[in-house]
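S.K.: Sequence:
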Amino acid sequence: MILSLKKTGMVVVAFLGLAMASMPHTASAQSNVALKIVTVDITAIRANAEATKGIKAQLLKIKEIMMAQLQGEEKTLREANAELARKRTLLAPDAFVAERKKYEQRVVAFQTKRQQSQKFMNDKVIGANNQLTSKMLEIIGRYAEANQVSLVLPINATIFAAESYNISAEVLKTLNKELPNVVITLPGK
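Numbering (the working numbering), first residue to last: 13 to 201.
Be careful, since some hints might not be right.
EDC-like cross-link-like pairs, simulated, lysine to aspartate or glutamate; straight-line CA separation at most 20 Å [as the list claims (entries may be wrong)]:
| hint | residue 1 | residue 2 |
| --- | --- | --- |
| 1 | K65 | E182 |
| 2 | K75 | E85 |
| 3 | K125 | E91 |
| 4 | K147 | E157 |
| 5 | K114 | E95 |
| 6 | K99 | E116 |
| 7 | K65 | D135 |
| 8 | K136 | E76 |
| 9 | K131 | E85 |
| 10 | K131 | E86 |
| 11 | K185 | D53 |
| 12 | K189 | E62 |
| 13 | K125 | D135 |
| 14 | K147 | E62 |
| 15 | K48 | E182 |
| 16 | K73 | E62 |
| 17 | K147 | D135 |
| 18 | K73 | D135 |
| 19 | K87 | E116 |
| 20 | K68 | E190 |
| 21 | K189 | D53 |
| 22 | K136 | E62 |
| 23 | K113 | E86 |
| 24 | K113 | E95 |
| 25 | K48 | E175 |
| 26 | K114 | E85 |
| 27 | K147 | E190 |
| 28 | K75 | E86 |
| 29 | K189 | E150 |
| 30 | K75 | D135 |
| 31 | K68 | D135 |
| 32 | K125 | E86 |
Distance ranges between label pairs, derived from CB positions [to be verified]:
| hint | residue 1 | residue 2 | range |
| --- | --- | --- | --- |
| 33 | Q81 | K113 | 23 to 33 Å |
| 34 | D135 | R100 | 37 to 47 Å |
| 35 | A110 | L82 | 22 to 32 Å |
| 36 | L163 | K73 | 34 to 44 Å |
| 37 | V120 | E95 | 13 to 23 Å |
| 38 | L149 | L96 | 51 to 61 Å |
| 39 | F122 | K185 | 41 to 51 Å |
| 40 | I171 | N60 | 17 to 27 Å |
What the hints contain is simulated information worked out from the structure, not anything from laboratory work. Quick caveat: nothing in here was measured; it's all calculated off a predicted structure. No residue lacks a Cβ here, since even glycine has one placed at the ideal position from N, Cα and C.
With these hints in hand, go ahead and build the complete structure from the sequences.
M.R.: Listed below in structure tokens is the structure:
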């Protein structure tokens with residue numbers, strides 16, 4: 013008979029409880045240390061960080077520049093296609109095929125450039141977010157070490173936690189001081 017996920021979870025918890033209860037209690041240095049737990053709202057920190065605002069603004073500017081370039085090239089390709097259609101009746105079949113092949117190569121090059129631009133944007137977003145996350149985790153780690161925190165939980169993984177356990181405001185303040193901006197560069201700069 014297959015147990016439901018909820019029943020399976022209850023069985024596992026009950027088994028672990030029995031196993032823990034049957035273990036002999038030994039005096040150790042760790043049993044004298046109080047467990048200190050804090051929570052952190054990583055999503056809110058990311059959303060409200062000064063660096064996030066800077067990242068968004070820079071990415072928007074880069075996207076506008078790249079889109080302007082791509083739109084210019086796309087316009088040139090449309091004009092070349094119209095010119096090619098006009099030449100169709102004027103050129104010999106072999107000459108037209110050669111012109112058409114050149115045009116198709118330009119289209120393929122344009123599509124490749126568009127894909128590279130999208131990959132560039134994706135890579136920059138990932139890189140900037142990784143830099144922000146790395147700094148945030150470093151700050152949380154320093155806080156935990158300085159305050160002898162035993163466990164840091166993401167707030168979205170908790171059912172209930174008193175606000176006094178939430179260190180998000182302190183982490184955000186430190187993050188804004190230590191990483192006010194993430195610089196995103198264009199290729200060739």
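S.K.: Enumerate the violated hints, using their earlier numbering and listing them in ascending order.
M.R.: none
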